[in-house]
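Residue numbers (the working numbering), protein chains in the order written: chain A, 1 to 209; chain B, 1 to 109; chain C, 1 to 112.
Treat the hints with care, since some could be wrong.
Capping the alpha-carbon separation at 30 angstroms, the derived lysine-lysine pairs in DSS-like fashion look like this [stated by the list, open to error]:
1. B/LYS45 x A/LYS142
2. C/LYS98 x A/LYS79
3. A/LYS128 x C/LYS55
4. B/LYS72 x C/LYS55
5. C/LYS87 x A/LYS142
6. C/LYS35 x A/LYS128
7. B/LYS45 x A/LYS102
8. A/LYS128 x C/LYS87
9. A/LYS130 x A/LYS200
10. C/LYS55 x A/LYS33
Don't read these hints as lab results, they were simulated from the structure.
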Amino acid sequence: MHPHDHTPILAPDEAPGYYEVMETAVRELLIEKHLIGPDEIRRQIEVLDSRTPALGAQVVAKAWVDPEFRARLIANGRKGCEELGITFYDDTELIVLENTDKIHNLIVCTLCSCYPRPVLGLPPDWYKLKPYRARAVKEPRKVLAEFGTPIDDDVEIRVSDSTSAVRYLVLPLRPAGTEEFSEGELASLVTRDAMIGVTKVSTERRNIQ
Amino acid sequence: MNMTSIGGIVKADGEASRFHAGDRVAISTRFPIGHYRVPLYIRGKTGVVESVTEPPAVNNEEEGFGRNAGMKRHYYRLAIPLAELWPGYTGSANDGLRIEVSESWLERR
Amino acid sequence: MNASQNLIQRLPTELGGLPAGPIERIEHQLLPWEKRCHALADVLDYHKLINTEEKRCGVEALGGEIVGALSYYERWIVAFANILFRKQLITPEELAVKMDEVAARHGREENA
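Kindly produce the complete structure, drawing on both the sequences and the hints.
Written out as structure tokens, the structure reads:
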């Protein structure tokens with residue numbers, strides 16, 4: 001574990017660090033050489049800021065209430081998301097992994113940090129660090145227990161390790177007692193961690209994480 | 001309307017998938033240096049093709065060196081039991097890995 | 001395989017199955033420069049200057065010591081610089097000169 005996990009927040013008048021200086025210099029050189037346009041970074045930041053777990057939560061909620069949408073989503077995850085206006089700016093494909101009473105899905109990238117960014121936003125640090133990436137494929141039940149998600153022995157765990165241009169999104173089980181919930185109320189239950197597969201959706205949680 | 005395929009069409013190399021869902025395949029045991037997208041922990045292991053990923057795509061290992069042209073090959077979503085990957089695995093015998101592997105890394109079993 | 005071969009045959013970024021400790025639920029709000037760095041990766045990909053796989057390859061090529069010592073986006077920006085050098089899109093000298101200029105700006109603002 002390297003020393004930069006808890007990156008300090010710079011005071012506004014602090015000098016930029018070495019790597020920030022490098023990033024600024026690379027960017028400015030590329031713009032000066034007309035290799036990238038002067039506003040492209042700012043525009044892409046807007047794209048990134050617009051991609052949060054709330055998007056994935058809306059996809060999940062719609063799949064819960066609309067069986068035909070769910071079927072289309074399972075057949076082609078990217079096309080299903082695109083129906084809701086979620087564009088795949090990184091040209092990846094998406095497989096939506098359905099949890100059932102007998103199957104629990106979990107996603108990881110042991111080689112780097114592949115993650116369904118267009119529909120979930122940027123991944124949390126722990127997803128990109130060694131403990132999760134090393135252990136999720138080897139001892140998923142222990143990993144899930146650490147997240148407070150014990151899985152019964154009669155439930156099959158499927159760990160999807162991303163290695164190609166395909167990304168994964170877990171479609172969690174809809175919790176019991178939500179039959180009268182609106183689509184918006186359902187979406188507010190769905191957390192980022194449930195769509196990674198390290199937790200389940202419960203009616204106790206009302207915030208997006 | 002039910003259309004049957006027109007006869008006499010020859011596919012280019014790589015257009016048809018070599019493997020199909022349900023096939024048993026083994027991951028090759030070569031050890032490339034420099035760059036790869038097949039993790040060490042599955043090299044030489046046997047799995048079952050769960051699905052064929054369409055359409056065929058450029059070899060991503062070659063893309064790492066800026067080569068974005070060349071013969072396209074299929075990727076396959078493989079199912080491999082965790083008990084086969086990790087000696088002494090203590091979870092359920094049904095627990096499994098799902099992983100996409102390029103056709104260039106697979107042999108029929 | 002012996003220790004030396006293992007160093008070469010296992011990419012420093014490949015972690016599946018390695019011994020590791022408990023998962024700490026670390027998260028942080030990206031610093032502005034980190035967000036810009038992520039955006040830069042996407043823009044470089046759009047322009048086919050550095051595609052995603054080249055970026056991964058570039059990070060792997062940093063080697064184990066640097067991969068272990070640098071944070072996520074620090075690895076990216078160093079990898080980008082190396083790849084841009086290799087593609088002769090910028091030179092090490094150009095980058096060094098520009099970095100001095102950028103660093104000096106802050107000094108001038110402080111003293112203004």
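These are the hints, each one checked on the structure:
Of the supplied pair hints, the one linking B/LYS45 and A/LYS142 holds, its CA atoms being roughly 23 angstroms apart against a limit of 30 angstroms. With a C-alpha separation of about 43 angstroms, the suggested pair C/LYS98 and A/LYS79 falls outside the 30 angstroms cut-off, and the hint is violated. Our distance criterion of 30 angstroms between C-alpha atoms is met by A/LYS128 and C/LYS55, whose separation comes to about 16 angstroms. About 21 angstroms separates the Cα atoms of B/LYS72 and C/LYS55, which keeps this hinted pair within 30 angstroms; it holds.
Proximity of C/LYS87 to A/LYS142 is assessed by CA-CA distance (about 45 angstroms); at most 30 angstroms being required, the pair is judged violated. Between C/LYS35 and A/LYS128, the direct Cα distance comes to roughly 16 angstroms. Compliance with the 30 angstroms bound is thereby established for this hinted pair. Pair hint B/LYS45 plus A/LYS102 holds up; C-alpha atoms about 25 angstroms apart against a cutoff of 30 angstroms. Between the alpha carbons of A/LYS128 and C/LYS87 the distance comes to roughly 28 angstroms, so the proposed pair stays at or under 30 angstroms and holds.
Restraint check for A/LYS130 and A/LYS200: satisfied, since their Cα atoms lie roughly 23 angstroms apart, inside the 30 angstroms limit. Pair hint C/LYS55 plus A/LYS33 holds up; C-alpha atoms about 21 angstroms apart against a cutoff of 30 angstroms.
In summary, the numbered hints that this structure violates are 2, 5.
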